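Student: Here are the chains, one letter per residue:
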Amino acid sequence: MNEILPTPPVHLSAVALDKSYRKGPEAVNVLRGVNLEVRKGEFLSIIGRSGSGKSTLLHLAGLLDTPDIGEIRLDGKRIDHLPAKTRDQLRNRVFGFVFQFYHLLPELNVLENVLAPLMIRYSMWEYWKKRSELQDQARELIAQVGLEHRIKHKPSQMSGGELQRAAIARSLISEPEILLADEPTGNLDVDTGKGIIELLERLNSERQLTIMMVTHDEAIARKGQRIVRLSKGQVENIRDRVAS
Amino acid sequence: MYKMLLCQRYLRTRYIALASIISVMLGVATMIVVNSVMSGFGTQMRDRIHGLLADVVIESHSYDGVSDPDLQIRIAREVADGYIEAVTPTVEVYGMLNFNFAGQWITKPVTLIGIEPEGKAKVGPLRSFLDSFNPVYENGEIARPALRPDEEIPNWKLSPEAEEYRHEKIDRQKWYESQLAALESEKTPKQTASIEPQQEVQTAALPEDPFADPFFDGQAAEQAPADPYEMMDGRVYVGAGLVSYPYRDPETGLMKTMMMARPGDDVKISTVTAGRPPSHAAFQATIVDVFKSGMTEYDSNLVFCNLEELQNVRGMLSPATGKRAITSLHIKLKDYKDAEVVVERLKSAFPPDQFVVKTWEQKQGPLLAAVEVESAILNVLLFLIIAVAGFGILAIFYMIVVEKTRDIGILKALGAGSGGIMSIFLSYGLALGVVGSGVGVLLGLTFVHYINQIEDAITFITGRKVFDETIYYFPEIPTSVQPSMVISVALGAMLIAVLASVFPARRAARMHPVESLRRE
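One line per chain: the protein sequences are R and Y, in this order. Residue 147 in the numbering used here sits at position 147 of the first sequence, with consecutive numbering throughout. Residue 378 in the numbering used here sits at position 378 of the second sequence, with consecutive numbering throughout.
Think of the hints as simulated: they come from the structure by calculation, not from any bench. Nothing here was measured: the structure is a model prediction, and the numbers come from that model. There's no promise every hint is true.
[As the list claims (entries may be wrong)] Here are the simulated lysine to aspartate or glutamate pairs, DMTMM-like style, with alpha carbons at most 20 Å apart:
| no. | chain 1 | residue 1 | chain 2 | residue 2 |
| --- | --- | --- | --- | --- |
| 1 | Y | K292 | Y | E515 |
| 2 | R | K77 | R | E37 |
| 3 | R | K194 | R | D217 |
| 4 | Y | K187 | Y | D171 |
| 5 | R | K23 | Y | E515 |
| 6 | R | K154 | Y | D47 |
Hey, can you work out the whole structure from these sequences and the hints?
Tutor: What follows is the structure in structure tokens.
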């Protein structure tokens with residue numbers, strides 16, 4: 001079956017990534033020569049124990065951090081060395097982030113939180129001109145994640161599952177090419193986590209969205225098309241879900 | 001857009017920021033109130049000094065003065081004619097004022113200024129300082145109307161009320177003297193027969209004229225007119241502080257003024273003659289009016305006298321030419337802006353070995369400079385209050401930045417740049433400054449507007465007079481709001497608020513997104 005389907009091009013790749021952090025007097029090598037490729041529209045799960053470097057790999061891939069050695073390439077072009085402003089723009093337009101702790105802004109309601117990436121993208125004047133169009137867009141996304149009844153609610157008034165759905169809606173508002181999800185179900189009960197994963201699967205299949213999901217739960221990881229295991233800072237085992 | 005939104009939400013949800021707003025507000029309000037009161041005092045003081053002096057004053061170095069005022073005036077007009085509105089000659093000399101109050105002779109050192117009231121009124125607002133020309137106000141209401149009609153020009157005549165008072169006083173004195181004489185005539189024969197030595201003692205103890213001054217040599221008595229009601233040749237306007245003192249009414253507890261001498265009374269004045277060496281000269285004068293400029297320095301020192309009489313007494317009259325001498329010329333300019341040009345021109349015409357030419361500001365330079373320095377120092381000290389508020393903002397912002405570390409990480413993950421993050425906190429600082437300054441300006445202006453009512457309320461509550469009008473001679477606290485001052489205080493406060501937020505804003509902008517997101 002693999003032979004019949006044309007192989008999609010590589011969307012995002014990590015080449016010989018090294019990253020270390022200083023913990024007190026000693027340096028901890030979190031990633032050591034990691035090579036990884038994600039193809040367009042692929043749902044990749046990255047698993048590993050705590051401290052294995054999976055979140056760090058995701059942060060480097062999403063340009064939240066810079067590697068000590070190695071490169072991050074988007075569509076074959078190196079992006080990790082770009083100026084800060086360009087990397088900010090890529091984070092805003094190309095990547096969408098979903099975090100374990102949702103990371104919604106507590107002062108804003110659901111609609112404002114979902115619109116935040118667009119508020120960052122556009123100048124005040126541009127945003128003001130397009131505001132009704134952008135708000136419609138946000139409302140539609142909020143409805144898609146099943147939160148239309150919570151649109152004016154603040155994060156403090158919502159459950160974990162609802163918060164994560166709002167965070168997913170926010171990550172999708174800028175129509176990203178790649179969704180980076182860091183333990184998206186890590187803080188949720190099994191059923192709610194299942195719902196979130198189903199939502200991600202649907203987005204992957206409907207929108208052909210490239211997804212890199214970090215999780216420590218193998219059952220959740222199996223929802224991805226491919227699973228990568230990170231151990232001691234290196235890619236240890238790659239398993240194709242379809243093949244397995 | 002997100003910057004404005006977050007800035008607005010932080011303002012609404014972080015109540016600790018209210019502390020910054022209040023500190024900026026209080027600083028701004030205090031500066032506006034203090035500056036307005038200082039400016040009010042300064043303006044009033046300048047008006048009063050200016051009013052008494054004249055725009056430009058030409059003074060001779062010597063108290064002997066210079067001869068021929070008409071010639072001096074002509075010279076002044078020739079060199080600066082286009083600029084001069086009015087000129088009046090004066091004679092200025094030190095003297096002693098002597099008057100009787102409650103059976104006691106009071107002597108005070110004074111500066112005698114010989115003037116022609118019509119001329120002096122043309123070079124300055126003399127009229128507004130003279131008691132009989134102005135109504136007396138008490139608690140904002142007219143307690144006594146002006147004693148002279150509006151059209152009357154200052155002169156050396158008594159007001160009808162003063163005239164009446166003078167008549168009554170002289171009648172009373174005559175009656176007293178007649179009673180005393182009758183008593184004496186009844187007692188004298190008996191006492192002469194029985195105890196002669198005692199009568200001598202009594203005669204010594206009771207002088208013929210109880211108002212006679214033992215220090216006067218009789219010269220003054222000779223000057224007294226034949227008609228007792230008639231005024232003396234010398235006529236004076238005396239400073240209110242010389243002939244009155246404040247006291248607290250024991251019944252009402254209110255401050256009142258006790259007049260020791262009033263228009264219609266006679267006083268004795270000693271001074272020195274012009275010439276070498278100066279010798280003693282004395283004359284009697286009738287008080288025509290009391291002047292109150294509001295400057296204690298003037299009101300308790302100056303006596304305006306009729307110029308001719310002062311010249312006569314001092315011998316400032318050349319027997320050869322018949323020309324009189326003066327010590328200074330007071331000049332009013334058409335436009336005070338030209339003062340420096342006029343002074344320069346006059347200096348060229350009036351040789352510096354004989355004359356000093358100065359504007360009123362130059363003449364009162366040290367006093368005005370002292371007020372300005374005082375005001376500047378006060379401003380610096382008060383601005384430190386706002387600077388303290390600035391440090392408050394810095395501390396509070398630093399705290400907010402620490403509290404908002406994760407939010408900063410989220411915004412960076414969503415694509416916000418360091419500049420954007422920095423501007424959230426800078427605009428937050430500016431917003432605090434704008435709100436604090438705005439409310440502070442309103443509070444300050446309201447306080448200034450109702451300052452006298454507030455003073456009354458504080459006096460009522462504490463029972464202690466905050467603003468004692470007897471010290472300052474102002475019926476109420478003078479204020480003057482300068483729009484430029486209000487604007488610069490408000491802008492200064494906003495600038496400090498923004499500057500105080502720079503450091504926390506930079507810290508926020510430099511935060512690493514991953515570390516910020518991991519912050520618990």
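Student: Determine for every hint whether it applies to the structure shown.
Tutor: Here is what the structure says about each hint:
no., hint, result
1, K292/Y - E515/Y, "75 Å, violated"
2, K77/R - E37/R, "13 Å, holds"
3, K194/R - D217/R, "12 Å, holds"
4, K187/Y - D171/Y, "24 Å, violated"
5, K23/R - E515/Y, "13 Å, holds"
6, K154/R - D47/Y, "63 Å, violated"
Against the hints set out earlier in the document, violations occur for numbers 1, 4, 6.
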